[in-house]
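Participant: Residue numbers (my numbering), protein chains in the order written: chain A, 1 to 508; chain B, 509 to 884.
If you're looking for bench data, these hints aren't it; they were derived computationally from the structure.
One thing to keep in mind: the hints can contain errors.
Claimed, not checked - Distance ranges between label pairs, derived from CB positions:
#1 A:LYS405 - B:GLY569: 42 to 50 Å
#2 B:PRO637 - A:ALA380: 34 to 42 Å
#3 A:ASP107 - B:ALA552: 50 to 58 Å
#4 B:VAL848 - A:ARG77: 57 to 65 Å
#5 B:GLY663 - A:LEU141: 27 to 35 Å
#6 B:ASP629 - A:PHE373: 55 to 63 Å
#7 B:PHE730 - A:GLN346: 32 to 40 Å
#8 A:PHE400 - B:VAL848: 53 to 61 Å
#9 B:TRP737 - A:THR486: 31 to 39 Å
#10 A:ARG494 - B:MET671: 53 to 61 Å
#11 B:LEU551 - A:ALA219: 24 to 32 Å
Built from N, CA and C at the ideal position, the CB exists for glycine as well.
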Amino acid sequence: MTENNIVLEARGITKQFPGVLANDQVDFDLRNGEIHALLGENGAGKTTLMNILYGLYHQDAGEVFLNGQPIEIHSSRDSIKAGIGMVHQHFMLVPVFSVAENIMLGDEITRLGMILDEKAVAKRVLELSRQYGLDVDPQALVGQLPVGVQQRVEIIKTLYRDASILILDEPTAVLTPQEAEDLFRIMHELTERGVSIIFITHKLKEVLAIADRITVMRAGKVIGTVTPKETSEQKLATMMVGRDVILTVDKGLSQPGEEVLKVDRLKVHDFRGLEVVREVSFEVRAGEVLGIAGVQGNGQTELVEALTGLRPTASGRMLFAGKDLTGKPPRPLTETGMAHVPEDRQRHGLVLNFSVADNMVLNTYYRPPFARFGVMQPEAIDANARNLVKEFDVRTPSPFVAVSKLSGGNQQKVIVARELSHGVKLLLANQPTRGLDVGSIEYIHQEIVAMRDRGVGVLLVSAELDEIMALSDRIAVMYHGQIVTTVDAKKVTREQLGLWMAGARPEE
Amino acid sequence: MRQLAGKIGEGLKNSLPSAVNSLLVPLLAVLTAVVLGGIVIALAGGNPFLAYVGLFQGAFGNARAISETAIWATPYIFAGLAVALAFKGGLFNIGAEGQLAFGAVVSALIGYALPGWLGFDLPAIIHIPFAILCGGLTGALWAAIPGFLKAYTGGHEVINTIMMNYIALNLTSFLLNGPMKDPNPNNVIARTPVIAESARLAPLFEGYRIHWGFLLALLVAFLVWVLLWKTTLGFEIRTVGANPDAARYAGINVKRTIVLTMALSGLLAGMAGTIEVTALNHRHELGFSIGYGFDAIAIALLGKTHPLGVVIAAILFGAMRNGATRMQFLTQIPVDVISVIQALILLFVAADAIIRYIYRIRAASERVVLTRGWGG
């Protein structure tokens with residue numbers, strides 16, 4: 001071990017992808033028993049660096065040292081052998097397997113070389129969970145566990161393979177504030193026992209709360225390494241983006257007008273036929289933002305799908321612009337003035353191999369001026385695209401390139417531009433800034449507030465509590481398919497919302 | 509060897525304009541298949557150069573050869589367009605063979621029986637289009653069934669079109685051996701009577717067999733292009749094909765579009781059979797069309813599911829089929845070698861990773877969406 005107790009070090013890492021220098025002379029080191037946060041926007045090169053450390057890519061130049069010794073990592077097998085474990089953003093678990101089965105997957109304990117010894121695994125799992133305060137039942141089926149517990153299973157998986165260096169890729173993205181607190185406790189527990197953690201994130205608050213050191217990356221380069229004491233959210237954001245960023249959304253008082261959307265005792269089933277939206281009622285007025293807070297998987301997705309005509313409603317009514325449009329397909333809803341920024345932009349919002357111009361008329365292609373008598377009008381479609389690209393500042397070489405070539409933020413701008421370009425009375429935005437960089441988030445937030453101020457009703461669904469709090473005039477909390485409570489956004493605290501999201505009942 | 513191949517790939521890529529670049533893989537697939545086919549010919553004891561000279565002479569050597577190549581290419585164009593259109597809509601129509609057979613049966617029936625039913629002779633200007641229309645619509649209906657099953661029950665169109673092929677081919681066999689069999693006492697073959705003069709598409713030139721059906725095929729290819737890229741219906745078909753979830757989000761009736769896409773595909777396949785009856789054979793005979801519907805899959809893939817590409821690929825396949833006789837005459841190599849070459853072409857186009865590896869072409873980021881996964 002070196003004098004600073006550096007367990008893992010990357011020196012001068014350079015990785016070139018076609019057209020992108022993903023890592024440019026990156027230096028990074030991890031000390032024994034520390035939490036080192038790696039902060040940066042999407043495309044900053046964090047994931048590339050981690051994939052190099054984890055052996056999924058190989059660097060073009062530069063070296064990696066493990067405990068001071070140069071090491072060549074060519075596969076995840078090598079990295080596991082070197083004691084490096086990674087918990088990916090999307091869990092690599094088999095839902096129909098038990099916790100123990102998932103943990104031993106790929107590293108099975110067997111008797112006579114072929115019979116699985118699940119008992120031995122279960123015993124080891126219990127040992128590990130006791131040792132690190134990770135409460136998990138080895139016999140439980142992974143698919144039935146809450147997300148926070150699934151994440152623990154992923155962590156135990158790495159510990160089971162004797163990892164002493166842990167890479168956590170955006171671990172809090174899927175957690176409630178309380179679950180995140182739990183995770184932070186576990187992370188401290190781990191570091192106290194000599195595990196070193198690399199914590200990848202783009203959430204500034206978390207970084208300041210938990211990291212020992214923070215390294216900020218931008219455009220493939222390391223901008224600097226700081227400690228939480230000597231920095232602030234504003235300073236970190238500036239480092240990430242390269243310019244001053246407005247973190248708080250500047251918005252005046254809302255001027256709520258008439259009701260544009262009324263949802264009355266709506267029930268919706270999921271694909272298994274389970275009732276996941278249970279008698280939900282609320283209304284959205286013109287010129288206000290109603291935020292729906294809640295941990296993912298509490299029925300928000302199905303609620304929005306039902307409201308936008310993508311999923312049938314089981315019972316209840318939806319009145320939009322004074323008309324009963326319950327169960328109507330998307331087209332009449334769009335024509336009545338509903339704009340929808342969908343949760344999964346690549347699945348629902350875009351046709352990736354279509355051009356930017358075609359995507360900008362994806363739901364208006366059939367009507368004038370874009371089509372006449374069933375014949376497409378390329379001039380009108382191109383003109384529309386040029387206008388929107390300029391107006392919404394979409395960074396694209398031309399309106400004719402495939403939208404798949406654009407960055408996530410610009411893809412989202414294509415959707416927002418399209419949805420806001422036709423007469424809108426109600427905007428349904430579901431996770432509108434998920435996975436976007438700070439600059440794009442800033443832009444989309446301003447756009448949402450601008451729509452509100454123009455008298456559009458906005459229904460905002462987001463798992464990011466900060467986003468809900470920044471944009472909403474009123475906040476409804478969804479838990480287990482029901483709206484637990486609806487409150488004035490100015491009169492509620494983050495902590496209170498977090499409790500309701502986790503299932504606490506409001507007092508009144 | 510790969511060094512050389514890499515140079516060829518590099519050279520072609522640099523010399524071609526970018527629009528042509530997407531044709532690189534099909535071109536190289538054909539080239540590679542021809543080289544490997546040459547090796548097969550040599551192993552079979554023939555002279556590959558002589559064989560290919562024969563193939564070319566037989567296909568394009570003189571006016572008659574060109575006329576015959578066009579005749580071969582005509583059903584290939586229709587059937588290839590059928591499969592390509594379905595691909596654009598995200599559907600894999602393996603049933604062109606059956607749709608084609610039914611199209612042929614019905615147009616033959618209209619061709620020989622309609623004047624009798626009506627009790628008077630029809631003018632050709634009505635009889636020909638009517639026969640073609642009925643045959644095409646039969647194909648459309650036949651293909652709409654698996655389309656309907658796909659859209660409303662999720663039954664996979666690959667399985668269902670294959671099954672529908674068996675039904676179509678056996679039903680055709682029954683009809684041609686039974687109710688529709690040529691009643692001429694000298695006839696022992698399973699075939700229909702000859703169609704009326706008024707139902708026959710004329711040859712283009714005196715003394716050659718090339719007929720108006722070839723021009724019709726080119727016109728239809730153009731119309732398919734217009735449909736797919738210039739109309740809202742085409743936009744809907746392509747959107748459903750590329751991303752059905754986004755199509756639903758955009759308010760497109762995905763189920764209706766799937767049924768319609770299959771019906772249009774079947775219409776084109778049915779026309780392939782119809783043209784063979786009205787322009788060439790003047791009757792339907794059991795077994796005349798075996799394989800058109802399957803070759804059409806290779807043609808659609810080789811043509812990158814683009815109408816122009818399909819026309820070129822269809823002419824290539826037609827030329828190979830037509831030139832094979834001359835090749836056999838010159839080298840005594842059996843015509844079956846052509847099937848080997850065609851199979852190799854299909855293999856290389858379908859598994860384009862092989863071609864990209866041999867010629868060191870980087871995978872294009874835009875990928876042709878052929879079909880979505882099983883049960884998708």
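Participant: Hint by hint, say whether it matches the structure.
Facilitator: These are the hints, each one checked on the structure:
no. : hint                            : result
1   : A:LYS405 - B:GLY569: 42 to 50 Å : 47 Å, holds
2   : B:PRO637 - A:ALA380: 34 to 42 Å : 35 Å, holds
3   : A:ASP107 - B:ALA552: 50 to 58 Å : 53 Å, holds
4   : B:VAL848 - A:ARG77: 57 to 65 Å  : 42 Å, violated
5   : B:GLY663 - A:LEU141: 27 to 35 Å : 31 Å, holds
6   : B:ASP629 - A:PHE373: 55 to 63 Å : 38 Å, violated
7   : B:PHE730 - A:GLN346: 32 to 40 Å : 34 Å, holds
8   : A:PHE400 - B:VAL848: 53 to 61 Å : 41 Å, violated
9   : B:TRP737 - A:THR486: 31 to 39 Å : 49 Å, violated
10  : A:ARG494 - B:MET671: 53 to 61 Å : 60 Å, holds
11  : B:LEU551 - A:ALA219: 24 to 32 Å : 57 Å, violated
Of the numbered hints given earlier, the model fails hints 4, 6, 8, 9 and 11; all others are met.
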